[in-house]
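J.: Listed below are the residues making up each chain.
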Amino acid sequence: MDTAQGLIMKQSKTELLSAYRGMRTIRIFEDRMHVEFAGGGVPGFVHLYAGQEASAVGVCANLTDADILLNTHRAHGPAIARGADIFAVAKEIYCRGDGLCRGRGGSAHLHDVKSGLWGANSGVGSGVALGCGAALAARNNETGGIAVALVGDGGANQGVFLEAMNLASIWKLPVVIMVENNGYAEATAADYAIAGGDIHKRAAAFDMPGVVVDGHDYFAVYDAVLEAAERARAGHGPSLIEAKQRRYYGHFEGDAQSYRPKGEVEEYRKNRDCLKQFRQKVILDDLIATAELDAIDGEVGELIDRVYADAIAAPFPSEGEFMQYIYATDT
Amino acid sequence: MDTAQGLIMKQSKTELLSAYRGMRTIRIFEDRMHVEFAGGGVPGFVHLYAGQEASAVGVCANLTDADILLNTHRAHGPAIARGADIFAVAKEIYCRGDGLCRGRGGSAHLHDVKSGLWGANSGVGSGVALGCGAALAARNNETGGIAVALVGDGGANQGVFLEAMNLASIWKLPVVIMVENNGYAEATAADYAIAGGDIHKRAAAFDMPGVVVDGHDYFAVYDAVLEAAERARAGHGPSLIEAKQRRYYGHFEGDAQSYRPKGEVEEYRKNRDCLKQFRQKVILDDLIATAELDAIDGEVGELIDRVYADAIAAPFPSEGEFMQYIYATDT
Amino acid sequence: MSKKTYRQAINEGLVQEMHRDPSVILIGEDVAGGAGAGGDVDAWGGPMAVTKGLLSEFGPKRVLDTPISEAAYMGLAIGAAASGLRPVADLMFNDFIGVCFDQIVNQAAKYRYMYGGQDRIPLTVRTMIGAGLGISSQHSQCLYPVFSYFAGLKVVIPSGPYDAKGLLASAIRDDDPVIFCEHKMLYEMVEEVPDEPYAIPFGEAKFVREGEDVTIVALSRMVHIAMEAAESLAKEGIGCEVIDPRTTTPLDTESIIESVEETGRLVIVDEAGPRCGMASEIAAVVAEEAFSALNAPIIKVTPPYTPIPAAPNLEKLYIPDAGQVITAVHKVMGRE
Amino acid sequence: MSKKTYRQAINEGLVQEMHRDPSVILIGEDVAGGAGAGGDVDAWGGPMAVTKGLLSEFGPKRVLDTPISEAAYMGLAIGAAASGLRPVADLMFNDFIGVCFDQIVNQAAKYRYMYGGQDRIPLTVRTMIGAGLGISSQHSQCLYPVFSYFAGLKVVIPSGPYDAKGLLASAIRDDDPVIFCEHKMLYEMVEEVPDEPYAIPFGEAKFVREGEDVTIVALSRMVHIAMEAAESLAKEGIGCEVIDPRTTTPLDTESIIESVEETGRLVIVDEAGPRCGMASEIAAVVAEEAFSALNAPIIKVTPPYTPIPAAPNLEKLYIPDAGQVITAVHKVMGRE
Ligand SMILES: Cc1ncc(C[n+]2csc(CCOP(=O)(O)OP(=O)(O)O)c2C)c(N)n1
Ligand SMILES: Cc1ncc(C[n+]2csc(CCOP(=O)(O)OP(=O)(O)O)c2C)c(N)n1
Ligand SMILES: [Mg+2]
Ligand SMILES: [Mg+2]
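Protein sequences, first through last, are from chains F, Z, L and G. Heads up: the first sequence begins at 1 in the working numbering, then just goes up one per residue. Heads up: the second sequence begins at 332 in the working numbering, then just goes up one per residue. Heads up: the third sequence begins at 663 in the working numbering, then just goes up one per residue. Heads up: the fourth sequence begins at 999 in the working numbering, then just goes up one per residue.
Treat the hints with care, as some may be off.
Computed cross-link-like contacts, DSS-like style, restricted to lysine-lysine with a CA-CA straight-line distance of at most 27 Å [claimed, not checked]:
no., chain 1, residue 1, chain 2, residue 2
1, Z, Lys503, G, Lys1204
2, G, Lys1329, F, Lys262
3, F, Lys201, Z, Lys503
4, L, Lys714, F, Lys172
5, F, Lys270, F, Lys13
6, L, Lys897, F, Lys172
These are calculated hints, taken from the structure and not from any lab test. Computed from a predicted structure; not experimentally measured.
Take the sequences, apply the hints, and build the full model.
T.: Okay, here's the thing in structure tokens:
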């Protein structure tokens, strides 16, 4: 089934084009953010998702409006993949008044209830616990929704993550745990910090299925999430997916990355890149023409120009709003 | 090797008698505490260890003076097994001035540095983390010591326990994790709270050996701990042992235990009791005579009478001492 | 109206709120008791039997026993609250906040603000506070000052059955995270409590006793200690106004200031710690906002700055008593 | 003596203490950086490069990078401290205390007391505090009031390079658990710092500036805001005495009281929260112990009671500034 024909039998051409557009949008958005950050004007810590696009996009292709995606601090990619308004995403990163979170959260805390995007949390690892809550509520209220919790290889070493795996399992909660193992937690290698090196093996300890996939391969991610999501929707409980991937930039902007082996990023960019892999796969039988994909690239490029122009021009939150939104009565 | 002869080849007769004495001491101490508690005068919450004696005694038979045992809130048994002064143990439970912790800790916090007994902690699950510290220090200082951390089936669901398993594994710390699965955390069954039901399976997730043994069988516990301790001493890292066992009394004194299946305790007392099992095994070839064991029983009975008389008569801490021992300068 | 214990009042409050609103769920360790054990279910209702009977009444979809995984189930409760359920999560002893502090102070408290007002987190955390059972330093603290440090939480400290039931209803109906602190030495206290549901608003202190000479602000169980002192002082002709703030966030500073403006003297009695505690907070508010009314130093009656000892005689020394309150009042009255 | 940044002073302090005592070890996330990664080791020295170079100098037995498991490695550090090592554990941002609160406040703080004085816990926790980087509410808090609530801990808040080095030496040599709070906006601050090791004792406030009219107690970074205000007020003829307590536990109440007894007026400037914070604590101490010396209300200059916003303009509003201090001083001087 590794032909474009085969792929289109699983996902429609529209879906595939939308997945490609999603990944390209994130890539151009993040590449541009890298440049803008260096130029100054972006507040706070900024963690870029470039390189990892297939992961969030492969997840989100399986989600419905009733589902919840739990974001991490590396938040831009998943937010865009989940369909949050990209103008509001950019404005939040710039801490503008009409950003996604009205400028109170910033880059690491993109959260958009109306798109089913929760988090992000800058304390790593909590997503699974919060996701369990969304899953329990969905089950109690019979919404049919599931939760997918993203967590990094680093976050997977937090106690709450491990506790939540157990809880999700004994209650058979409709939740999918998606570990984005990008090889590093800050400057520390996953291979060093994860006993035995394999996160997916932890699934067995908590009596749930665990698989590992190439996180740069949209189709591999899609398939793994499809299976896990179906399991969750069918009431059979949680699953864990470990998607191996690499980020193209530093832990956060400003990271000199001297801890990375020489040529690592270049190698990934050259031989594993999610956009390249995707293009290679879908154009095999000319079912999707190169020109169609190129056209998307062009459209996305223009969109991102507008997004940044808009965000940079947008005003900061008004000072009168300062104490708003602490309590439910502060509207 | 299941003859007394065989057993004595592994442990000397003196060692076996001492193990028996240890278990009997705990049993009589706890049975008496049960009675005394009902009569009033024992402060605080009291969690009895009766039934589980083979577990702590089997562990401690493998420990040297350089080792550290991490105790739990079900603290009396392990404290006695580790060789803490039983008079001071009783006095601490009664919160007397010359109790093990000068009356500040009480039943759930028995701790005796000079016997290599740490804890207990009334927040469950921390022992492994603290034990990792003892293990690291032992390794850095080349003392040859190891740490054995006791934890309950309930405590094994704490995040810190799971984090510490990972940490112990990646650093190959000389620590043994001894999960005393007595079937319940308070009134909740381990089978309900532990995904998949098996705690020893969590070992594989953290890349360490994990075994399960009958916690009422002194010899089974002894052998499992021996192997794990040797591994730790040899620098090969941590191991996990799940010892299945049952407590004979409630979670704490006052627990009506209506959640337990009818006849459960009677069944364990009758067919699985550690003292009975031990006696059956060692008297096979008459290498240890019944009379010798009976004599120990008698001696222990007398000792416990004295221990309680002494503890009950002892004075509470003096009020002048109230603010002592907060900081290292308060001596 | 009938006589009920604090325990019964809380149980009844829970039952009534769960009937009133099907989105209220209960979650925690042994809130029912007996899960998977093979004997009776609904065997415990928590170690103090406060939630006994709720599983039988509302079923396992709404009353959930958890593993000993506070961080996970508090996180779950927050997520459920963000989804529109109204979880009442049981923390058993407030000292265990240690293992789920992040969930409460970094997640629940900041969720609405950090995300720009998109969410409501109608979470109630029930938890036991206080010394008196001889269970040492990790089970006897009063941590409401620590909870109160964090904007975004609301904090409730009922001093008796009537307040407990009415404040619990408000907590459950409130759209913000509320930490509901039950003093473990009050469970047997009896008071007239209405049978029907009622809600006591947050941020309204209760004038427990009128008096002209000294204002005594007392919190949680200390209200009763203050009353004991006040009765005794009345015999000497000293009139004490005893105020119970009932919630520490929001804090009814107006009532306190109003009273101090009448009396000119303030004694604060609190079982929480002396450093960065509620007693200091209330003193600071008055020293800033009612300074000109003050005729005497503000005296705090709190435990000393120490962990809590297990030994009953030392624990008794630890907990403020009426004698200490009387001494403090004498001092502010200039009768040393 | 030479000019050093706060960052350099702390780094130098660590190096010298590690040379001085082989039992000192360093432990935390990326305290070196690069573990297992295949590129440079000692690549980070923490996100702010404060511990850079220590792995190279002291080797992997003494400088340990950890997984993101704060509860486990804090517990480990406590165990190591109880065994006679002197761990310096890195908490990165003090907000992360959320995930290891139990270890710090229930274990480390109570270890010695609860076990009747058997142990010493010579643990130092280094951690970053404060707003100013636009990193929102989970990375910008000042939680030393919360640490200070718990007896058994010591809490240090150096406001400049000189104090940082000297207080760090004391922290590491101290036999009790110490929380060493580094303000992230001070790392670039430069001051003359002795090259040789020296220790500044805990519990001794620093009189940063003499003055007769008003006492200003300022904490951590706020010392500089207070000084800015004091310079400006001096031009109006108002003399401010600026006091930096340097440690919140132990707290040098004597120096503060002594000063207030001279000036009769007190303003407290703190970046920590307004409710149950250090400003309230200091106000309460003075309202009880130096009441008769006071000529004016005690005014607290703190952020409002809110989580910390990311937006730089709102964050700026959040952090107290010299203008607010000047207003407060005018107020206590009766010049409104
Ligand atoms: C509880 C907690 N500890 C430490 C940090 C600091 N921190 C922020 S991101 C990060 C690394 C996270 O690694 P990982 O989960 O693998 O995500 P990645 O950054 O690789 O996407 C760390 C340690 C944090 N945010 N929260
Ligand atoms: C962190 C924490 N949560 C909850 C409790 C309350 N508690 C005390 S003992 C106990 C049950 C512990 O079960 P287990 O670890 O199996 O030990 P056992 O009592 O069976 O020996 C619980 C829930 C606690 N002490 N600490
Ligand atoms: Mg990572
Ligand atoms: Mg158990």
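J.: Now look at each hint and say whether the structure bears it out.
T.: How the hints compare with the structure:
Taking the CA atoms of Z:Lys503 and G:Lys1204, the gap is about 46 Å. The hint is violated against a cut of 27 Å. Using a Cα cut-off of 27 Å, the hinted pair G:Lys1329 and F:Lys262 is violated, with the two alpha carbons roughly 62 Å apart. Between F:Lys201 and Z:Lys503, the direct Cα distance comes to roughly 19 Å. Compliance with the 27 Å bound is thereby established for this hinted pair. Using a Cα cut-off of 27 Å, the hinted pair L:Lys714 and F:Lys172 holds, with the two alpha carbons roughly 26 Å apart.
Under the criterion of a C-alpha separation no larger than 27 Å, the hint pairing F:Lys270 with F:Lys13 is consistent with the structure, at around 26 Å. For the suggested pair L:Lys897 and F:Lys172, the alpha carbons sit about 64 Å apart, so the restraint of at most 27 Å is broken.
Checked against the numbered hints given earlier, the structure breaks hints 1, 2, 6 and satisfies all the rest.
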